[in-house]
Amino acid sequence: MIEVRDLTYSYPGTAAPALRAVNLSIPRGQVVGIVGANGAGKSTLCYALTGYVPHFFAGSMSGTVRVDGRDIGKVPLGQLAAEIGLVFHNPFNQISGARLTVLEEVAFGLENMGVERGAMLPRALTALQATGLEHLTERSPYSLSGGEQQRLAIAAILAMEPSVMVMDEPTSQLDPVGTREVFAVLRDLARSRRATVVVAEHKLGWLAAFSDRLIGIHNGEIVADGTPQEVFSSERIDEWRLGQPLVTKVGRAVEVAEGRPRTGLLPVTVEQALDALS
Amino acid sequence: MNPLTKLVLAGFLLVLGLAVPWPGTYVLFIALILPLALAGRILKPFLVALFKLITPFAVPMILIQGLFWTGGTPVIGEGPLSLKAEGLLFSAASIGRILILASSFLLLSLSTRTDILMRDLVQRGLPNQLLYIVVTSLQILPRLQARARTILDAQRSRGLETEGNLFHRLRAVVPLVGPLLLSSLIDVEERALALEGRAFNRPGPRTSLIEISDTRREALARIGLSVAAVVIFVIRIAWALVS
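Line by line, the protein sequences give chains A and B.
So the first sequence is numbered by the numbering used here: it starts at 41 and just counts up by one.
So the second sequence is numbered by the numbering used here: it starts at 213 and just counts up by one.
Derived from the structure by calculation, the hints contain no laboratory data.
Just so you know, these numbers come straight off a predicted model, no measurement behind them.
Be aware that a few hints might be false.
[Stated by the list, open to error] Okay, the calculated bits of chain B under chain A, using three or more residues with CB under 8 Å as the criterion:
| hint | segment |
| --- | --- |
| 1 | 347 to 359 |
| 2 | 397 to 407 |
| 3 | 417 to 424 |
C-beta: ideal position from N, C-alpha, C; glycine also.
All chains, full assembly: derive it from the sequences and hints.
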């Protein structure tokens, strides 16, 4: 479980806080999407949830972030890695560069954690299977396509079996099929292992379809928190610059065209739109 | 064979090759190094790489020493264009040393993955960070080249002239270096983030996916080879001081 209390953070040399008085509670087994415009504070929130703020990035921080009761501001990053995983958008820089094959790359984190060899191989192979890379085990990580590298970065963290997975635009290099697979893996991770999954994304349709809950962030503040339908149906969505899935925009346009007042929840998935039309 | 044993063996061959007088280097090469390359199933790539490595040194050395050895005995040709026996012998001695130097390095590099050797050393107590620096350094050049090409293409598409005389080419380097340096620095930060996420700085012992075999016999062989190398080195120094 993640508990954020009164978190305010500013990067070094900047006056305006990147996060302002953030309060948040995420139970285990939940898939939470984070939406917001560029520069709204999504990545900073991801870094704060994983301990990179304040451990890696300096700056001024007040408030606390607790994971399973532990204040992660007081635990060294090296120890947090086994419990909290972070995947960010540039897959190329997530390749360690210290291993020559895909299988060894996935096992790199396990080696650093001191996992016994007997347990290491099944964990690495399971992660590769979950991300659809099991046929590429002997390839060089640098010879993979951008999408494959992104899935490799996810597999490398999956193999470490963290209880919290935070992902900052993890599907930026993926095609629709790859995106669906990654989201399916994340949801399965949350359901089967009761892991907490937090995903910051611009692919709003996918977030709406796969998230249990959405958090909207604007100018470093949490402005919306609820189900995808609740958040994307908010009347202040444009003011907060959160954006909407295409199907939601169409739903609203239909309401306007029919002269209906804005009431209730708009559809955020194709299935919901079809239900509304039938 | 354990990678450390290969490293020690390569070191021993190097010391031995530098210590023995010149015809001995060739005997050592034929009697010891070639059979080792054969046993390691790397004979063909070994010979190809050795040829490529040695030729640029050997050919000019034979020509220069052979042709310009003062007061030497001509053995091939006549007059100023003759190759002198003394020059050729000196070349043979020098090439023999280069041969041993290059072949011991090639034996090791062709039969051992650098990352596995470094992993073995880390398991024996070398810092993990050192392993990372060595292995990534070997991979960084092709990646920097690829990035430089991308930046250069981007600059060309915006009208930068990279063809022509030396001045034009030098001028094209300036808009390349800045972005290359900056993007590399940004990469360093992201890579450091990724490494933290993979428990790179976690204290405590490491394990390895790849089983690195080692036996008591190999350990004894390493000790024997190391002691022998030191003894040969000391004898060689003493010999040089006496003679």
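Confirm or reject the coverage of the segment 417 to 424 of chain B by chain A under the rule of 3 or more residues with a beta carbon closer than 8 Å to the chain's beta carbons. holds (count 7)
Can you take a look at whether the segment 397 to 407 of chain B is actually covered by chain A? Rule is 3+ residues, C-beta closer than 8 Å. holds (count 7)
With a Cβ-Cβ cutoff of 8 Å, does the segment 347 to 359 of chain B contain at least three residues near chain A? It holds: at least three residues are needed, and the segment 347 to 359 of chain B offers 5 whose Cβ sits within less than 8 Å of chain A.
When held up to the earlier numbered hints, the structure conflicts with none and fits them all.
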